[in-house]
Every structure is written in structure tokens, then in C-alpha cells.
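Turn these sequences into a full structure, and let the hints steer you where they fit.
Here is how the chains run, residue by residue.
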Amino acid sequence: MVKNLLSDEKGKKIILMGNEAIVRGALESGIGFASTYPGTPSSEIGDTFSEIARDAGIYFEYSTNEKVALEAAMGACFSGVRSMVSMKHFGVNVASDSLLALAYVGTNAGMIVVVADDPNCWSSAQSEQDTRYYARLGHIPMLEPSDPQECKDFVKIAFNISEKFKVPVFIRTTTRVSHGRGIVKLGKIMKGKTKGFFKKDLKKFNSLPPHTMRMHEEILQKIEKIRKISEKTKINLVVNPRVKSKLGIIVSGVSFGYAMDAMDDLNIKIPALKLSLTYPLPEKKIKNFIKKFKSILVIEELEPILEEAVHRLAKDVNPKLKIFGKDYLPKSGEYDEEIVISAVGKITGKKLKMSLEYHSRKYKELKIPKRLPVLCPGCPHRATFWAAKVGAGTNTIFGGDVGCYILGMFPPYNTQDFIFSMGASEGIIHGIKKTTYQKAIAFIGDSTFFHAGMPGLVNIVYNRSNPLVIVLDNRITAMTGHQPHPGVGITGMGKKTKEIRIEDVAKACKVKHVEVVDPFNVKKMIKTIRKLIRSDEISVIVAKRECQLLAVRKKRKAGIKIPRYEINQKKCRKCGLCLYNFGCPAFYQEGDKIMIDKNLCTGCGVCAQVCPNKAIRRIGIRKVKKK
Amino acid sequence: MKEFNMITIGVGGQGILTMMRIIAESALKQGYDVKTSELHGLAQRGGSVPCHIRFGKKIYSPLVMEGEAHLIIALEPLEALRACYFGSNQNDTTFLVNNYKIIPISVPIMKEKYPSLNKIFENLKHFSSKVIVINASEIVKKEIGSITPTNIYMLGYAISKDLIPLKREFILEGIEEIIPEKYLDVNIRVFELGESTTQTLSQDEF
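Heads up: the protein sequence lines correspond to chains A and B, in order.
The opening residue of the first sequence carries number 1465 in the numbering used here; numbering runs sequentially from there.
The opening residue of the second sequence carries number 203 in the numbering used here; numbering runs sequentially from there.
None of these hints come from the bench; they were simulated from the model.
Please note: incorrect hints may appear among the correct ones.
Unchecked claim - Only pairs whose alpha carbons sit at most 20 angstroms apart, straight line, appear in this in silico DMTMM-like list of lysine to aspartate or glutamate:
#: 1; chain 1: A; residue 1: K1467; chain 2: B; residue 2: E375
#: 2; chain 1: B; residue 1: K313; chain 2: A; residue 2: E2054
#: 3; chain 1: A; residue 1: K2021; chain 2: B; residue 2: E375
#: 4; chain 1: A; residue 1: K1815; chain 2: B; residue 2: E375
#: 5; chain 1: A; residue 1: K1659; chain 2: A; residue 2: E1695
What you are looking at is a predicted structure, and each value in this text was computed from that prediction instead of being measured.
Okay, here's the thing in C-alpha cells:
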């Protein structure tokens, strides 16, 4: 855990990741209740809460999905307990049904919704969604920190706004803010309430018409009041205010740092309006700023939201203003200093002292083999994928879902024919089954199953199609950093709870054929898949085996020895099946020999079952060295 | 010193983040402003892990710009090549590379070619002539039976050769802050081992 995160030494400077600083901000704001469904780049917010909740005397939970997490935080704030819910950008899509209604109804105690966007999709697979639109869609105030210090400070400001106006408030980060570390000066921890009282007030807590229209009016009025704060607040500030310049910059989020560095490296000073409370926008402040310049450069990642506002506002105060934005800067991908320098350079004619042209050309000439993310050595998913291809045939349709097993899309696995969103494997495979005569398997992870897979399963049973659903149950939410889920029997507070078994859920949903198989038993898995793929009813296989990263870590802690495998070179016929088709990263080629890297092998033994020449053997026990 | 920019890079699981966090803590202790950037999630599973570290009087952006790095520590040779554009002769970049190959799966599966170490060495020199290659993992493995603390060994080497403008005492405090107590002794031992290393590899040895 981060040392000192609970330190009460006011003024102490410590290094925090953006996500950790958000947690600290919540602790300094008297939070009592936090919830999340893990999603990178927001995951460490929940993980940090999970680590400190007991010591901090607050409640934290990993909820089953983002909508449920949001609703739980709503319940807490309705009962007078300050709450925070965190999620990744797509999580807001899941939560939006309740979120947009909440915006109308309003909160009681303060409530913050943290959302982490992921420009460049460093940790995401669906889209580069710009969540700032949700602020506008739902009339939800939004603050955008640019570094860890602001992450902490803005949470406090957000709680103040939320509590004063009884509205939920967004904190929106992007990957480089969430996963950036920096120095944070601590404030005082405020011990918040963890128990309150729900006062009945149906007039408030409903969203039925005609009340709906009245609430709509009210939220619009509230937004205008909050706009006054946006005009006054120091977090919407002008940098270099007295510098004479024809060009001005308007910037938000992490791009502020790039703009400051770009000015430094180009050796120029340009007045810059840094916007941090970005919904509602301080329109007067923007008008006052833009009226002084001949041109404005708007620097914002993803969609041109600020840029469009500047276009609209300039009509009144500076109709001739030239506005540079997405014509000089990309709409997709993340920004960096290079991108900002290029735009500022084009407009001002300034150039870097250092020329990197030769350098860039040389880099482009290099042929560097890709290092695609791969399923780890010993990953049980690899074994299941292998069995599925052998047992069902490669002409089977493999429905993909969201989790580590997304890596099944890459060769040599090729076991994800489509990937959309959490739980979509089952929904889509059902439609395919209804409209084709093809064999089909839906792969879905354990945590994903609880998140959005249960309605899909029920739909398949109810509407009578017959895919094979394989739940890749590795006993944890692995991709986002090993968070527990309802199938594990442990809560986010580290307490024991009922373990909800996926096989029991499937049986309760009236799935006739439910089998639990250990993926490391390759023969049995192949046999089971071969049998069930032909069934004329839906079947579920729970491929149950703990994530190998976790299993090895546990063994290492307990001092348990793990076996080691090697290739008997006399028996090896160099067919390359292990290396090219099985695709475990522990295999490598040296000259014409195929070898197993002993530092990578975790001793799962699946390769020994897969090798057609029986050339892979277990050679005694390796003691896992303690670091 | 106005600012110091460095990249630590390697393959997921090599301890890149740990090294980055130790350096950041040390920079704070020495009174500098510091910012870092890292990646989590999908990018980490056996993929390339580049970390950015910047410290100095006042630091805004968490990202090192192309050509702007003063030091690039690579725990894997191919990853040194992947990060080479952060280095430049103009900035007098030092590449400190661990001579320990981890072959990416794209080599067997997609028939990509892992360049020879000689070629990697030569290519790095197009970006900056200061290339130091050491057999860190091999030495660490020989000494303690595991390659895990290679990162700390590299750090020890870098500090002893003044490649990072941070005081040894602050780095040691940083190690104490970040490394769990039960692993501390072995890590300090490996750090000192790195400090005492004088052996580097020259291009003609590959």
C-alpha cells in the first residue's frame, strides 16, 4: 500500500498516483462510502480504497457492475453519507440509465462520480469515448484535473459543489492523469459519517412526470448558478496573463502540461486559459479572454468540445477571431508535447532548437518486432482455448468478451471472432445461433459473467437457442489487477462472504448441461466440449482454475515448490506445435532447438499434454526463490 | 539542474514500475519536483512497459519528449531499441541496457526477426553514441539464484556511475520506501553489487 496515504501530517509532501490522490481527496472530504466496478485506467481508485477502507473507518465495495456501484453510492448519499463511485469511460455507459435520472433528482449528501477516459486506448478495447459529453447530456458539473495534486484538490471542490447544489459531480481524468505520479501536498483528513438516515421524501426521490419537467427546469437553473462558480473559481485560471501576444491558448486536462513545456522548449510565452471546471463553462471568462487576441489555439484531447464553445462565444465578442483547434491537432489518440509543439510551431513559426528529423527518419527505418500483450505462461485460458479448437473445430464461431481472454484474438489462439462490450458474447452468439446453422461458443470471464453475463444467459434459455457458453472462471477479476468478485467469496473490505458459484447460477437459470472442468485437464476439457457443442440445448462449461499469476504468487508466499518442465531433445521432432500453435511465451528457439525458459515456466504442465511426441517432461521440483 | 528526463523500459514483470517509483521517491527526497507516467491493464500482460520519469525545479508534463531523455534504462535489449527515439546526441543520452533477451511471441508466431545484439547496439548509436551494455541478469542470477532484482542492480550501476543526478543516500531511502521489508536485505545487496560492477560489454563481443 502507499505509505502515508492515511497520514494526518498536514502539509506533508508525498508522491501519489492520480488515482491514489483522488482517494486522498475523498478522505479529506469526509467520505463515508465508496464503490466501483474495476476498469482501467480507473482501477487503482477502488484498489486503494480496498486497501485503506478498514483503517480509514469507511465503507468500500466492489459492486457487480458500474450501474449497481452508482446506485449503491446513490443510496449512501440519499442517507446522508458522502459517497464516491469510480469507473472507466465505458462504465458510464452502463451506469448512465440511473445516472441521468440522478442528475434530475439530485443528491442529499455530496456524491462524486469519477470517470477515467482512455485516449489512445492504452487499457481499453472498445472506443476512445469522450465522457465530457455525458456532463452536457445529463447536466452534471465536471472537473478535470491535470496532475495528482489537482486530483486531490478537485475532489474537495467537487464535494463542496455537490453538497451545496445537491447535484452529483463528475471528476474526469484521462490515462496520463490517472496513471501519472507526482508530488501531493496533504491536507487534513476529515472523518466522515458512515451511517446516516434515509428520510422519506417521495416528492424528491422520483422521476415521474410531471415532476420530471419541473426537475429539468430546476437542474438547468442549478447549472446557471454553478456557472457563476465556474466564472469565479481559481481553478479556471489564466497563465501568463500580462504577456503581450496575438495568440492565446485555451487548454484543459493533461494537455496543460504539454502546453507549458512546449512554450518552454520553444522559448515563448503565450497567455493560456486553463479550464478545470469545464461544465458548466465560464462563458464570461472565456469571452473576456478571447476578445484580446487575433487567434486562439484550443488544446483538448479527443472531441472539439471547448473549441465549439469558443466558436459560439467568439461571435459576440470577437467575430474575426481565428480559432485553431482540430484542424491543427488530432481528434483521435492521446496528445503529447510533440503534438502541441507542432501545432504551436505551425501557428507562430517558432521551431525547436533541436532538430529531430534525421532521428525520426532513422526510427521509422527500424524493424522492431512487436511485443503484443500475451496470455501469461501457465494461463488457464490458453488451455481452454486449445481444447475448444480441438474439441469444437476451428470452424466454430468463437464469441469474445472483455477480460484477459481478449488476447485470444491474436494468433496463435484465434479464439475471439468478435469482441464488443461486457457480456456481449452471449447476446450476439444467441442472435447468430438463431440465424445460422453454425457451431458457436461464447467465451465469457467470471467477473464479466456477474457484470453483464447473467441477462444474456437467461435470454438464451428463455428464447431457446443452443450455443455452448464457456465461462473462463479464473477466480478473480484478473485484467484490471486481481479484484475479487461475487464468485470469490471475499468482499472489497477483505471480509468473507457467500461464494456465488457460476455453475449454480447456470443451473438456477435452467441450463440443462452444466459442467465444471479444470482447464489443466486437457483431455477432459476436449471431451466435454466435443460432447456439448453438439447439444440442441444451451450448455455451460465452467472452466475453473485460478489465474496463474495469483496462484504462483500464493505458492511463493507459502514457500510451496512448483514443478519445472523441459524438452527432451532426443524425443523432440521439432514440429514446433508448442512454439507456433500453443503459443506459451515460455517457449523459445535457440538454433534449431526448441527450449523452455525456466524463468518463465510456471509448471502448469499443459504443454506436456499437448505435445504430440511426448517430448516435454517434468523434471523434479523447482523451489520458487523468494525475492 | 533544470530538469532530468529518463525512461525505464522493459517487459511486463521485470520490475520497471518499481525502479521508476524508487527514483521518483529519491527525487522528492532530494527536493525536486517530480512527475512520472506509466501504463496498466491490457498493455502490461507480457507487453512492453515504458515508464517516464522527469524531475527538476518545476515539472509540468509527465511525458518525456522525443530526443529529450538524458538516460534510458532498458531491462531488455529489444526494448532499448523500442525506446531509442527518446534519446539523442543533442541531449547526450546514455543508454544503459541489460543484456538479457526476452523473445516476443511475434517472433515465432508472426515470423518477425529479433535483431542481433550487434545490430541493436549499432542502431542505438544512431540515436546517441553513449551505449552501455551490462550482463545484469546473468550476474544477479549467479549471485542470488533469481533474476528478479535485476532492476535494482541496474539502478546501483547507474547511481555509482553518476548516470542519475541523485544522491546515493536518497536512492537507498527510496528503496527502503518502496521495497517490502522482507526483501530489503537482498535488494540492498544486489544494489551494492551493481555499484561495484565495472564490467561492460563492447559491441564486438556480440
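Pairwise hint evaluation, A/E2054 against B/K313, where the allowed Cα distance is 20 angstroms at most:
15 angstroms, holds
Just to be careful, I want the Cα atoms of A/K1815 and B/E375 compared with a cutoff of 20 angstroms; is the pair within it?
41 angstroms, violated
Would you mind confirming whether the straight-line C-alpha gap from A/K1659 to A/E1695 stays at or under 20 angstroms?
35 angstroms, violated
Would the hint linking A/K2021 and B/E375 be met if the CA-CA limit is 20 angstroms?
Given that 20 angstroms is the threshold and the Cα spacing comes to 25 angstroms, the pair is violated.
Take the C-alpha atoms of A/K1467 and B/E375, compute the straight-line distance between them, and say whether it is at most 20 angstroms.
The given pair, whose Cα atoms are some 13 angstroms apart, holds under the 20 angstroms limit.
The structure fails to meet hints 3, 4, 5 from the earlier list, while all remaining hints are met.
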